[in-house]
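**Q** Next come the chains, spelled out residue by residue.
Protein chains: 2
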Amino acid sequence: MVNVSCLRLAGKQKAAMMMKGLMSVLLVLVAVSSSWGKPDKQPIKKEKRVPQTLSRGWGDELIWTQTYEEALFRAQTNNKPLMVIFHLEECPHSLALKKAFANHKEIQKLADEDFILLNLVFETTDKHLYPDGQYVPRILFVDPSLTVRADITGRYANRLYAYEPTDMNLLLTNMQKAKKLLKTEL
Amino acid sequence: MVNVSCLRLAGKQKAAMMMKGLMSVLLVLVAVSSSWGKPDKQPIKKEKRVPQTLSRGWGDELIWTQTYEEALFRAQTNNKPLMVIFHLEECPHSLALKKAFANHKEIQKLADEDFILLNLVFETTDKHLYPDGQYVPRILFVDPSLTVRADITGRYANRLYAYEPTDMNLLLTNMQKAKKLLKTEL
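Those protein sequences? They're chains V and C, same order as listed.
For reference, each letter of the first sequence is one residue, going 877 to 1062 in my numbering.
For reference, each letter of the second sequence is one residue, going 877 to 1062 in my numbering.
A hint or two may mislead.
Which copy? The list can't say, so a pair holds if one copy fits it or any two copies do.
[Unchecked claim] 27 Å max Cα-Cα, derived DSSO-like pairs, lysine-lysine:
#: 1; residue 1: Lys981; residue 2: Lys924
#: 2; residue 1: Lys975; residue 2: Lys924
#: 3; residue 1: Lys924; residue 2: Lys1003
#: 4; residue 1: Lys956; residue 2: Lys924
#: 5; residue 1: Lys1055; residue 2: Lys985
#: 6; residue 1: Lys924; residue 2: Lys1059
#: 7; residue 1: Lys956; residue 2: Lys975
#: 8; residue 1: Lys924; residue 2: Lys1055
#: 9; residue 1: Lys1003; residue 2: Lys981
#: 10; residue 1: Lys975; residue 2: Lys1059
#: 11; residue 1: Lys924; residue 2: Lys985
#: 12; residue 1: Lys924; residue 2: Lys1056
Source of the hints: derived by calculation from the structure; they are not laboratory data.
Between the sequences and the hints, there should be enough to build the whole structure, so can you do that?
**A** Here it is as structure tokens:
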């Protein structure tokens, strides 16, 4: 049993975020106090925010759906399998997998051509999307007939839908498996 | 009765998209045929796609949630009202409202400070979010107690939740109304 995933630890995350908040306050205080002696300096500028992307770094050139409802609709109407990636931006396993996924040319090409894509940092209410828990990273496929392909799994017995950066060939094979639709006629 | 909105006309939209598709094919054909005489020219490059943003132009500096589930969760936990904007990228009324919304400093400031924000191009399954139909553009507020504020309306009797670019002051007033929470204690 290898630990390849992060659990959603709301408590811990909140504490980490509070710490981040505290650190920002401290930084501002330091900045303010260091500018006390220099009254002619420019006021502290609010940092310009970079727009959030739907891809979140999983493939900026790919077309991503926004919501699960939209993704299901597009899978059905385009007769393409849906790939749902659950992840968290603060989870090192998610970040490592994202890097491998975004840099894998064959995966990116196949994803672009044959899949409806969705990456989520928040769980849906569909229980079928967490057959063995709500850990991240976790990748599930949904057939255009709207059946969750719980049979397409990775290599970790304790986290069936988790992948590590070294599992990219298995993920590619699984994507090819998902392409063989359960029902071929519309 | 003024027409201030677009309806979701799946058939018409599909036809428009097919026309777009045909036009692209024609363009490619023209490009290919025009390069026939010049064999030494560079091959046609696939146009680099610009990453889609969560803001979709409604305020690139604001923080947008991705899904309705996420937005409800954040409204409740942060005790802030949620503002849901339904729109379509191909709808001229949506585009005009977006421009006015993104350029209105007071609205952007209030949205940034006091609201959980969500813009959607696809409907949710929550009936409370379309009290008088699924037209776009349409703006609804949800109280952190998770009650949809159907009482906060625009000025069009036939489309209660539609706004035009000239209605920005009314929208600002409505945002201030939404800030007065139904239940003030958590």
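**Q** So, for every hint listed, does it hold in this structure?
**A** So, going through the hints one by one against the coordinates:
Within a single copy, Lys981 and Lys924 get their C-alpha atoms only as close as 32 Å, which misses the 27 Å cut-off; across copies the closest is 15 Å, which meets it. Taking the shortest alpha-carbon separations for Lys975 and Lys924, both the intra-copy value of 25 Å and the inter-copy value of 20 Å come in at or below 27 Å. Neither within a single protomer nor between protomers do Lys924 and Lys1003 lie at most 27 Å apart by alpha-carbon distance, with minima of 38 Å and 37 Å respectively. For the identical chains of this complex, Lys956 and Lys924 are inter-copy neighbours only, at 23 Å across copies versus 38 Å inside a copy, given an alpha-carbon limit of 27 Å.
Within a single copy, Lys1055 and Lys985 get their C-alpha atoms as close as 13 Å, which meets the 27 Å cut-off; across copies the closest is 46 Å, which misses it. Proximity of Lys924 to Lys1059 under the C-alpha cut-off of 27 Å is found in neither arrangement, the shortest distances being 49 Å within a copy and 34 Å between copies. In the homo-oligomer, the alpha carbons of Lys956 and Lys975 lie at most 27 Å apart inside one protomer (25 Å), although the nearest pairing across protomers, at 34 Å, exceeds that limit. For the homomeric pair Lys924 and Lys1055, the shortest alpha-carbon distance between copies (26 Å) is at most 27 Å, but the shortest distance inside one copy (42 Å) is not.
In this assembly of identical chains, the alpha carbons of Lys1003 and Lys981 never lie at most 27 Å apart, being 32 Å within a copy and 42 Å across copies at closest. Proximity of Lys975 to Lys1059 under the C-alpha cut-off of 27 Å is found in neither arrangement, the shortest distances being 33 Å within a copy and 44 Å between copies. In this assembly of identical chains, Lys924 and Lys985 lie within 27 Å of each other by CA distance solely across copies; the values are 14 Å between and 33 Å within a copy. Taking the shortest Cα distances, Lys924 and Lys1056 never come within 27 Å of each other, neither inside one copy (45 Å) nor across copies (29 Å).
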